[in-house]
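Reading the sequence shown from the start, the letters are residues 641 to 950 in our numbering.
Quick caveat, the hints were computed from the structure, so don't treat them as lab data. The beta carbon of each residue, even a glycine, is placed where N, CA and C say it ideally should be. Some hints could be false.
Subject to a maximum C-alpha distance of 25 Å in a straight line, what follows is the list of computed DSS-like cross-link-like pairs (lysine-lysine) [said to hold, decoys possible]:
| # | residue 1 | residue 2 |
| --- | --- | --- |
| 1 | LYS791 | LYS835 |
| 2 | LYS702 | LYS892 |
| 3 | LYS892 | LYS859 |
| 4 | LYS849 | LYS781 |
| 5 | LYS880 | LYS835 |
| 6 | LYS732 | LYS892 |
| 7 | LYS765 | LYS865 |
| 8 | LYS701 | LYS835 |
| 9 | LYS906 | LYS888 |
| 10 | LYS732 | LYS765 |
| 11 | LYS865 | LYS791 |
| 12 | LYS887 | LYS849 |
| 13 | LYS765 | LYS783 |
| 14 | LYS906 | LYS892 |
| 15 | LYS849 | LYS859 |
| 16 | LYS906 | LYS849 |
| 17 | LYS832 | LYS888 |
| 18 | LYS835 | LYS732 |
| 19 | LYS906 | LYS865 |
| 20 | LYS832 | LYS748 |
| 21 | LYS835 | LYS887 |
| 22 | LYS930 | LYS907 |
| 23 | LYS887 | LYS906 |
| 24 | LYS887 | LYS832 |
| 25 | LYS880 | LYS859 |
| 26 | LYS933 | LYS887 |
| 27 | LYS849 | LYS888 |
| 28 | LYS930 | LYS888 |
Each pair of labels, with its calculated beta carbon distance range [stated by the list, open to error]:
| # | residue 1 | residue 2 | range |
| --- | --- | --- | --- |
| 29 | ALA821 | TYR945 | 28 to 34 Å |
| 30 | THR915 | HIS764 | 36 to 42 Å |
| 31 | LYS713 | THR915 | 31 to 37 Å |
| 32 | SER752 | LYS713 | 28 to 34 Å |
| 33 | SER788 | ILE948 | 38 to 44 Å |
| 34 | LYS906 | SER788 | 18 to 24 Å |
| 35 | LEU909 | ALA821 | 35 to 41 Å |
| 36 | LYS892 | ASP855 | 39 to 45 Å |
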Amino acid sequence: MKKAKKFISLFMLAALISAPFLTRVNAESVSPSLELRGVWISTVLNLDYPSSPTEDVAALKKEATEELDYAQKNGFNAVFFQVRPACDAFYKSSIFPWSSYLTGDQGKAPGSFDPLEFYVSEAHKRGLQLHAWINPFRVTKSKETLSSLAKSNPARKNPSWVVTGADGNLYLNPGIPEVRALVVNGVLEIIKSYKVDGIHLDDYFYPSKNFNDADAFKKYGAHAKNLDEFRRNNVNLLIKNLGAAIKKANSKVSFGVSPSGIWANKKSLEDGSDTSGGQSYFDSYADSRKWVKEKWVDYIAPQIYWNIGN
641 MKKAKKFISL FMLAALISAP FLTRVNAESV SPSLELRGVW ISTVLNLDYP
691 SSPTEDVAAL KKEATEELDY AQKNGFNAVF FQVRPACDAF YKSSIFPWSS
741 YLTGDQGKAP GSFDPLEFYV SEAHKRGLQL HAWINPFRVT KSKETLSSLA
791 KSNPARKNPS WVVTGADGNL YLNPGIPEVR ALVVNGVLEI IKSYKVDGIH
841 LDDYFYPSKN FNDADAFKKY GAHAKNLDEF RRNNVNLLIK NLGAAIKKAN
891 SKVSFGVSPS GIWANKKSLE DGSDTSGGQS YFDSYADSRK WVKEKWVDYI
941 APQIYWNIGN
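Could you put the whole structure together from the sequences, leaning on the hints where they help?
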């Protein structure tokens with residue numbers, strides 16, 4: 641079980657949160673039935689699943705079963721399975737190609753095996769919720785080129801939607817309405833095809849402040865005071881529209897996001913926290929406080945990668 645222990649230690653998400661009581665829950669008074677004790681199973685770069693790309697269905701099932709067994713035995717009640725690590729899919733999709741992290745070649749199916757279908761079925765057998773975790777705008781992680789992607793990849797089919805980030809990787813441009821619609825439609829495809837318990841977004845919105853979206857700002861930013869407001873509004877529109885679409889499709893499916901741990905520092909914004917670290921409001925244009933206040937999300941689960949010893 642060495643592999644399973646790795647994913648538990650690297651991606652543990654243990655939170656006393658409940659969708660209906662997000663803004664008023666008291667951790668000490670929460671009944672066990674309302675606790676969400678989950679782990680993330682990451683597929684990008686084969687961090688957790690699968691341990692390496694393969695077309696061996698038996699091996700894929702074995703690894704998934706081991707991870708779900710470990711989660712169940714250790715008292716968790718939910719699994720956050722990364723089904724769209726980079727504009728690709730760990731499920732049968734008419735929008736996104738099969739992930740290269742699954743079979744080794746983007747667009748190549750693992751036979752008739754569908755990882756998300758298997759995870760949903762096996763998780764539910766164990767009394768575990770299965771949340772489909774997606775990265776909405778990331779296209780590449782290892783500086784691949786557009787031409788190296790599957791021909792069916794939305795980024796390759798629509799190169800005008802793509803921006804090269806400061807890290808050398810490719811991202812879909814959140815400022816383009818069609819891009820945000822693609823994300824929403826991709827999520828609706830999951831909800832309509834699989835009995836997932838939730839949809840979860842990672843914090844990859846704008847990868848950095850250095851993002852070449854001047855053309856999108858010129859075309860779509862007429863009502864924004866500046867570029868920062870334009871970017872922040874684009875992310876807000878995604879969260880608002882996606883949340884509404886999810887609830888319309890299936891009101892029982894929860895919707896959550898994992899922003900970075902600090903919304904804003906008090907020295908930057910009056911309502912910020914007494915901290916001095918990176919700020920999602922400014923760094924990735926993620927106004928997570930607004931999402932909660934407007935009730936566009938059921939919960940947030942901040943990513944707090946801080947030194948426990950400090």
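_Against the 25 Å threshold, does the CA-CA distance of LYS765 and LYS865 hold or violate the hint?_
Not satisfied, since the Cα-Cα distance of roughly 51 Å exceeds 25 Å.
*Measure nothing beyond the straight line between the CA atoms of LYS880 and LYS835; if it is 25 Å or shorter, mark the hint as holding.*
22 Å, holds
*Does the structure keep LYS930 and LYS907 at a Cα separation of 25 Å or less?*
19 Å, holds
*Does LYS849 pair with LYS781 here, judged by a C-alpha cut-off of 25 Å?*
18 Å, holds
*Assess, step by step, whether the Cα of LYS765 is no farther than 25 Å from the Cα of LYS783, and give holds or violated.*
39 Å, violated
_Check whether the Cα positions of LYS906 and LYS892 lie no farther apart than 25 Å._
36 Å, violated
*asked:* Check whether the Cα positions of LYS892 and LYS859 lie no farther apart than 25 Å.
replied: Given that 25 Å is the threshold and the Cα spacing comes to 37 Å, the pair is violated.
_Straight-line alpha-carbon gap LYS835 to LYS887, limit 25 Å_ = 14 Å, holds
*Are the Cα positions of LYS832 and LYS748 separated by 25 Å at most?*
At roughly 23 Å apart (the allowed maximum being 25 Å), LYS748 and LYS832 satisfy the hint.
*Has the given pair, LYS865 with LYS791, been kept, meaning a C-alpha gap of at most 25 Å?*
38 Å, violated
*For the pair supplied as a hint, LYS849 and LYS859, confirm whether the alpha-carbon distance does not exceed 25 Å.*
19 Å, holds
*Are the Cα atoms of LYS832 and LYS888 separated by 25 Å or less?*
Holds - the C-alpha atoms of LYS888 and LYS832 are around 11 Å apart, at most 25 Å.
Hints 1, 2, 3, 7, 9, 11, 12, 13, 14, 23, 27, 34 and 35, counting from the list given before, are not met by this structure.
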